Structure formats: C-alpha cells, structure tokens
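Chemist: Single-letter residue listing:
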Amino acid sequence: MAAATPRIIVVGGGLAGLSAVIKIAEAGGKVDLFSIVPVKRSHSVCAQGGINSAKNLKGEGDTPFKHFDDTIYGGDFLANQTPVKAMCEQGPAIIDLLDRMGVPFNRTPEGLLDFRRFGGTLYHRTAFAGATTGQQLLYALDEQVRRFESEGKVQKYEGWEFLSAILDTKGACRGIVAMNLRSMELKTFPADAIIICTGGNGAIFGKSTNSVVCTGSAQAALYQQGAYYANGEFIQVHPTAIPGEDKLRLMSESARGEGGRVWVPKDRNDKRQPNSIPETERWYFLEEWYPKYGNLVPRDVATRAIHKVVYEHGMGLDGQPMVYLDVSHLAPERQHKLEGILEIYEKFVGDDPRKVPMKIFPGMHYTMGGLWVDFNQMTNIPGVFAAGEADYSIHGANRLGANSLLSCIYGGFVAGPKAMEYAKGLEPQQGDGGHAAELIRQQQYNNILLNNQGTENPFQIWRELGDTMTRHATIIRYNAGLREADQKIVELIERYKKINLSDKSQWANTSFAFARQLYNMLQLARVIVQGAELRDESRGAHYKPDFPERNDEKFLKTTKALYDDNSDAPKFEWEDVDISHIKPRPRRYDATA
Amino acid sequence: MATTASAPPATPQLKGVQPLRAGEGNSFLWRRLHSLTGIVPIGAFLIEHIVSNFEVVNGPLAYAQQVKFLNGLPLVRVLEWGLIFIPLLYHALYGVFIAVRGRTNVNVYPWAGNWMYLSQRVTGLIAFAYILYHVLTQRFMGVSLPEHPGLAYAKVQFELLSHWYAIPVYVIAMIATCWHFAYGIWLFAAKWGITPGNVARRRFGWVCTIGGAVLCIMGLVSIFTVAYSRPYSPEDVMPAQYDNVVAPTVPPQQ
Amino acid sequence: MPTTIEVEIKRQNGPDGTGAVENFSIPYRPNMNITSLLGEIALNPVTKEGKATTPITYDSNCLEEICGSCAMLINGKARMACSALVDKMLEEGGGKIKLAPLSKFPVVRDLAVDRAVLFENLKKVKAWVPIDGTYDLGAGPKQAPQIQEERYPLSNCISCTICMEVCPQFNDVTNFVGAATIGQAKLFNMDPSGSVLKEERLRALSGDGGVQECGFAQNCVQACPKGLPLTEAISDIGRDVFVQKVKDFFRA
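Residue numbers (the working numbering), protein chains in the order written: chain A, 1 to 593; chain W, 594 to 847; chain P, 848 to 1099.
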C-alpha cells in the first residue's frame, strides 16, 4: 500500500522539471524540487528562437501530422514515432497554455500569436517572444511554481546537487542523495518516484553553447547505477555560434528564420569590409546547395556545409574558421524581433550586427541522446523518470530548431502524471529502502576526493577532456580518432584518481562540487565516443566520411549503453526503433522537388 | 549521521535587506504626505512668499502694503500655523528621516539622477537649517511685523547688512530652496505617475528648471534690492496705522 | 598590449568570515571576459606573490547575460561578469581589475552572495498569472501587439539584482523592495488575466519597503544590463498604488 499522498522528487528546474512540478502539484502530489542554481537561472533561459507547434495561424495548411513528419524526417528516423506524434499533437494546446500563463509572445496586428519560420520546415510554425523565448517560457513556468510554492505545495531545494538515486533491494528508487552546495552536507531525501530533468551535457565538450551546470552529471550518475543511456553519440553542433574565450555563444536560428543569410566572399583573399562586397561577389553557399530550404536547412546540414566551406574549400573569413551570418539587410521591424540576440552579439563582439554581418562558426549545442525512457518517460530503473534534454526520446539523430522547448514541456507533462501513477501503485519500502547505505557510499566518495594526495588539477583534466571531445566527436568523426579519444579519456580517468583539490574546505566549495561532476562527465564521455565508434553509418548529426550513407538495415536502432562495473566501461545493446507511423525514406534537403 | 530529511527545512532566516512587508505599515501614507506637503501648502507658500517679497523692488511702502495685506487675511494666525508652520515642520523632520535612511553612492555611480538624489537631500537640509533661523529671526524675534508692517523693509535690510555672512547665507539658501522646490515638483510628478515616460519627464524637467530659475532670480533680485538699492533707514513707512503705538527702534536693543 | 592581467579580488571564506584581498597575475589573451579570468585562476590557483590559494567561489551559469547569476562589483561598479570584457575593464581600471562581491547582499563566500530576498519579494507581489489549470482550455485572450511591446521588455528581467545593488534606497534600514520587483508587478498587472491580482499587488507594494521608498535616483535604469524601463514601471505603479489606496479608503 502506498502513502496517501505520493511524494515525488524532481531534479532540475528548467522547462521540463518545472512542467513536471506543475502537473504533480496540480494533481495534489507533494513535490520536492532540487536544482543546483535558483531555478530561474536554469539553462532553459538560453533558448532563443521559439517553440514549434502546428497552430496553422498563417493559412498554410499546417497540421500536427506535418509537424510530426518534419520532426521524424529532421531526426533521420531515429526517434521512436509514438511519443513524437503525441508531442506534436499536444503542441497547440501547450502553446495556448503558455499564452494563458502570460508569456509575451509576439502578436499579429489582430492580436493573435505570430509565428516565424525555422529550420527543417517550410511552414511558419514557431511561436516566439522576441529572441528570448526560452527565457520567457522558463519564467512563466517559474512563476507558476512560485505560486505553488507560496501555497505550500512545492518545496524548493535550490543550491542542492543531486548525487545519486537510492535504490532498494529490488532495484526500485526510494529517494535521492543530494549535496548542499553551501554547507557541503550530504542528505538523503525520500521519494516514491524521481524525475530527472537535468538537461544536456555540453560541458563534456569544454566549450559549448551550454550553461556551466550542463555537465550531464546526474544522468551519468544514474547510468553508473544501472540506467540505460541511449543514443549518446548524437550531439547537435549548432551552425551559428559566436566563438568565445570561455564559451560559444548561441546565435539563434531565428536570425535565419527572419531572413538572415549565410555567406562568404567568393574570393578568399577579399580584404574588403563585408558591407562593401557587392552581392554578386558573395557566395551564399546554403542557398546554392539547398535551393528549397535555403538558409533554413536543419542544423546538422548547415553545420556540415559551413565546415566544408571552411575546411575543404578553405574559404573561412581571413583564413579563420568563421563565416558571415548577415541580418544587416533586414528591415528594422525584422531586426527588432531579434533584438535580444543582436544585443548579445554587440556586447560580446563589439560590432553592431544591425549594420555589419556577424562572424559565426558551429559550436556544440544540444544532446539528442540521454537517459533511455519508455513511452511513459520512465527509465529502466523503476521509479526513475526523465524528461527534457536529459532523456533521449524525441529528437532522434538531429533536433529541429524550436522543438526542444516543446519536447521539454511535453516530457515534463507526461513524466509528472506518470510518476504520480507509478507512486500510487508502489509497494511500501522495506527497512530504510537503502537510504543509509547510499549515504555512506557517497560520503566515502567525498572523503576520498578530499583526502587525495595527488598532483592533478580537475580544471586541467576538464580542459583536456573538452579538447579531445571537440576534436574527435563533433562534426566529423573517424573511428581512429574516436578510439584515440577513448584512450585519452581512460588516461584522464586514471589521472582523476590523483586529483589534489587546492580547496578542501567544507563551505561553498565550488571546485569540490565540480570535481564530483567531472568524474561523471568522464564516464559519460566514453559512452559518447564508443557509441559513435560503433555506429558505422552517417545519420543526422552523426557523420562519418568513411561511412557517408545512412544504413537502416544495420543501424535503424537505438544505441543503449549500460555501465559495466567490472570493466568500468559501457556495454552496448541496440533496440529497434518504433516506425509505426511513417516509413523511413531518404533524407535529402538538397532536392528541389 | 544518516540524516534522513523528513520535514522540509524551515525557511532560512534571511540576513541583510528584508523582504517587502506586503501591505503592512503606514509608511506609504507618511511618505506620500511628505511629498504632497512639499507642493501644497509649502510650495504654494514659497511662491507666494517670493512673489510678495518681490514687492521690495517697488520700495518700502509697497512692500509694507503687501505685508499688511497678508496680515489682514482672515484667520491669518490659523492659516500661518495650519498651512505653513506645521506642514513645514512635518516636511522638514520627515525629510531628515528620509535623508538619513538613504545610502548615497554618487562616488561610485556619478550619474545625473544620482547627483540629483543627493542634491535633493543636501538642499533640503540647507533649507531646513536656514528656515529655522529665518523664521526665528524674522517672525519671532525683533519687531513684530504683523503689528508694524511699515518696518518690514527696514527689518529685512538690517538683517542683510548687519552681518558679513548674511547675504551669502541668504543667497545660498535661496538657491537651495528653489532648487529643492523645483526638483521636488519634478520628483512629485515622476513618483505619482504623472510623468511616467522618459519624454514626459524630460519635458517636465525643463518646465521645472525654468520655473525654479524664475523663482530663484526673483528671490535674489529681492535680496539685493533690499540690501543695496537704498540707504538703511529705520523709519516706519506706515506709522499712521498705529496711532497709539510708538514705533520701537529697529532692531530692539539686545 | 599587456602580457599579464593584474586582478585584485576581495575574498571572504564564509558569511561571517574575515575579508582579505588577494592579487593575481593572469597571462593576457585577447577577448577575455571576467568569467574566463576567474576560470584561469581555478586552473592555477596561485597568487601574484606565488602563494597557493583556492579557486574563487562565484555564481555563474549561462555566461551570456541571460541567467542573471554572475553579478558582482567590477572596478567598484555592479555588473555582469560574463559581459564585462577584460580589455574594457583594464582600460577603465588603469591597468588593473578589482573584483568584489555585491555589497548589499549577504556574502556566501568570495564573490558569491545570497540574493534570495528578490525571490521572496516576487512571492509577496504575486508575480504570476493565476491560471485555472494546465489542462487544455483553448487559446488565451487576444492581445494587441502594442501591449506585448510594452510587456516584453519588463519580462526580460534576469533577476541579477544589479538595480537593487546600485539603489541608494535599497538597504537594511528602508528594506526597499527594489526596482526589479516593481517592474514584475507592472508586468503582471498589464496581462489580461494577470490583472485579476492587480489590487493585491498594489496593496502589497504600499506596505513598508514598498514603492514609496523609491528616491528616484534612477540608478536602476542606468545600471540595468537588460535596459528595462524600470523608472517608468515605478512611476506607473506609484500612481496605481495611490489610486488603490484612495479607493480602499473610501470603500472601507
């Protein structure tokens, strides 16, 4: 018999986490929300361009099924079709809900929602709030959660980091161990079910468009506890990012959605200011190669095209790995809709993109893979659910722009109620459900880390990990390089054991917390490179020049990595993809018909 | 050791600035009253005072007539206390209360609005100190002008000429008071939502600047007129008013 | 071009800990920002004098000025560390960069401070739209683009608390609520559905520490990294609160 009121823990306060919290609180459940940062500072704020939904307010005959088809086709048929279909069908209702929550979506003169175009579709399907849609959406959900919090229905634990799930003797989840990032105290928290909404793992690549907290640490911890990690090799490299010293800053696809064009001078030695180069002497390579979609091809396609122009044609600006993304020709009203991102560019680069073309290059952006979940968003560990970027379910081999916000909210909306349902049917735990044992395991880990007497600096290891991953596991992949990367990671794991923390204090010790995350990042990095090595084909964002074609016969399958304790390495299984609605067809964005 | 959390931790005590006391307390009322009294009646009185004083340019007799007219208003003592002294005292004391609670930071953020914030507090304190002195010496000490309006010009003239520092003090105080009043009107309009937009505030800023400058110039002209336009003469220019009263010497012997 | 960047950082090992200043000399690279500077220190936590020390504790997350985490005092002024470029700061600081925690909030450690008061204030003014539920209730109310144009800038508030830090009235004597919260109250009062709580928000903001404490120094609007129309919001809310109080007085 279960407790009268199910108690659910949600880990991560981005869009997916907050969506789940809202659903649970609304259904009368008790929720504890754990987040490393105050939830209003979650990485979802970085999403810029918009959120997809086939509302068909532009008279184009758009339908949820077309949205579904674009998503599956854009994801190169690797996504299980049943949940994707459900998401696309719920899209319009989710937009309406967000609108009711007060999200300041842009409007048409009649006062209806405005929609813009985005990559991988020919329809105006993307609702947007300027160029800071993720921020606006996150705030709307944050406000709803704050309301529940003030009514006592939600307890927030901001500044607490999830370390591991507590599993009982039958392997079911009974709570979590979390660390207070100020007092560094470890504590166990009981729960009937937990939902992991901890986003992507960009930090594994060193510099990415992701936030500092996007380490993938929680997913990796669960993977080491026996959860399947699926499709880890599918990493989205966003075609347009601003290269920076500390990170790569996203330049939204909406820049192209509003009419921005990508080009390089036809003469690689052209030293003129970009604005003084006449139209005829510019090479709009995306428009030339993909006449139908033009600048709005899916991200993997655009990224590879830019990569090709820079490295194969040697046409990068001033010999640097950069191309122009130009919005300077757009009318002021159009530029106004991009205000937020144009300001960011101006602040960080110093040039005014309203007047001068921006210099951009692809950068690691999104984790298509993630914790394996069933159609109820539950992982293979009973009671552990996952939603949002942390799970693998929606985007297949490549995510379409503006689908991530939708998938986060959809995932949370499914995971919340399903976790409640699961919790209601849960047998009561025996004894302490494994709480004491898990706490001791985590404390021992901390003690080892604190008392290590080595010479290694965790930030140095991280830097080397990032360099290796970016070199071998992003746009272009070779098996030899992936093997080299795996060996490097193994070396780094060995060196990790000799970490000597310069800060051993037990108060707000950020380098200690980071060192803990780093171990998980290293483990997950192996899942990525080994999964990539084993997939001898090219599909979506995963591209191997040695295997340039998609191979449905062998690889229309989900990669599932399982941690093997004895070898301290992943083991792989493959699972058939659900293709019950749309038959796989070749993915050719260069076709004109 | 195995600290299993069953109940959520109590809301941690916040240090530093405390959250809003939503809907509690009366500080809104007192603060708005402070703001309002600055305009009506104090500001209105200031205008009246400077305009009345400007009669000095027409000579001692005109000035005396103005003084006499004002003192002839019905219920003048009630008006004086109810519309001037009490509101002024409230405005001044609450103003000091406001000033000591602010943490000025123009040294770090030397922006125009921030300087004006500081200036409003400084000019307010100057005006307060000056007005205390001014009311004591001109209203409650020396010859009583309500009874001897004919001596008004001479009393002021003596005041200005008897100490080397008197004219600088009056000039500084005049500028400070007009500054405080002009910016006070601007602040009033901004805070009460009369000029919410930037354009409205900028335009109204000009109105306040010009209005304040006019007042200030009138006041300064009056000061210099009284002080220097004619030789000092302790003569009652309206002695006929008071048949049975012998004009006292101006000023009284200390 | 300098070869090293001289940085002076005010450190504090805990809320009640003692403060100490440490100097660092970081190899110069072009296009660095303050967060990458702090990352360099973490990579090699040694002071200028060669003394081993600990990495600096500070809040950061998105590094593109949208999450609001990394506000701190840079050369004495409150700014976002991610968008503060080293070249500019060096020029401004005369060849040296000084870092310190925000001064109006309790220090957690080093450059990290506790800004929970803002989130508490957002609860006090009920900064949300009280929707009936998340089930499908159809489209929301129509909204003229002009309303969206006015709401959107306010909705860009990143809760960095810089407007509060620079405000001379925001201190532990007045307990002023600060511009950010007032802006959010206006944002939700303008929403067709959010306006149902308008009166409650206005009454809340008439409490001690409410909108009346504003001294209109206008530092908030100068310092706001996202350019929010904060003084306009204060002005509008000031009027609305007054009208509400008058209404309440005559209705009571």
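None of these hints come from the bench; they were simulated from the model. Please note that the accuracy of each hint is not assured.
[Claimed, not checked] Some chain P residues close to chain A (C-beta under 7 Å, calculated; not the full set):
| hint | residue |
| --- | --- |
| 1 | Lys857 |
| 2 | Gly861 |
| 3 | Thr865 |
| 4 | Asn878 |
| 5 | Ser883 |
| 6 | Leu890 |
| 7 | Asn908 |
| 8 | Val976 |
| 9 | Gln990 |
| 10 | Tyr999 |
| 11 | Gly1041 |
[Stated by the list, open to error] Restricting the straight-line Cα-Cα distance to at most 27 Å, the calculated cross-link-like pairs of lysine-lysine (BS3-like) are:
| hint | chain 1 | residue 1 | chain 2 | residue 2 |
| --- | --- | --- | --- | --- |
| 12 | A | Lys347 | P | Lys898 |
| 13 | W | Lys608 | P | Lys895 |
| 14 | P | Lys935 | A | Lys347 |
| 15 | A | Lys560 | A | Lys583 |
| 16 | A | Lys30 | A | Lys55 |
| 17 | P | Lys924 | P | Lys935 |
| 18 | A | Lys504 | P | Lys898 |
| 19 | P | Lys935 | W | Lys608 |
| 20 | A | Lys66 | A | Lys504 |
Note that the structure is predicted; figures quoted are calculated from it, not measured. Using N, Cα and C, we set each Cβ at its ideal position, and we do this for glycine too.
Chemist: Now, for every hint given, state plainly whether the structure supports it.
Modeler: So, going through the hints one by one against the coordinates:
1. Lys857: With Cβ-Cβ at 15 Å, over 7 Å, it is violated.
2. Gly861: With a minimum Cβ separation of about 5 Å from chain A (threshold 7 Å), the hint on Gly861(P) holds.
3. Thr865: Violated: closest Cβ of chain A sits about 13 Å from Thr865(P), beyond 7 Å.
4. Asn878: holds (5 Å)
5. Ser883: This interface hint holds because 4 Å falls under the 7 Å limit.
6. Leu890: Since chain A brings a Cβ to about 5 Å from Leu890(P), closer than 7 Å, the hint holds.
7. Asn908: holds (5 Å)
8. Val976: holds (4 Å)
9. Gln990: holds (5 Å)
10. Tyr999: Constraint on Tyr999(P) satisfied, holds at 4 Å.
11. Gly1041: holds (5 Å)
12. Lys347(A) x Lys898(P): Violated, at about 35 Å.
13. Lys608(W) x Lys895(P): violated (34 Å)
14. Lys935(P) x Lys347(A): The hint holds at about 11 Å.
15. Lys560(A) x Lys583(A): It holds: about 23 Å lies between the C-alpha atoms, which stays within 27 Å.
16. Lys30(A) x Lys55(A): violated (34 Å)
17. Lys924(P) x Lys935(P): holds (13 Å)
18. Lys504(A) x Lys898(P): holds (16 Å)
19. Lys935(P) x Lys608(W): Given pair Lys935(P), Lys608(W) is violated - Cα atoms ~34 Å apart, limit 27 Å.
20. Lys66(A) x Lys504(A): violated (55 Å)
In this structure, the earlier hints numbered 1, 3, 12, 13, 16, 19 and 20 are contradicted, and the remaining ones agree with it.
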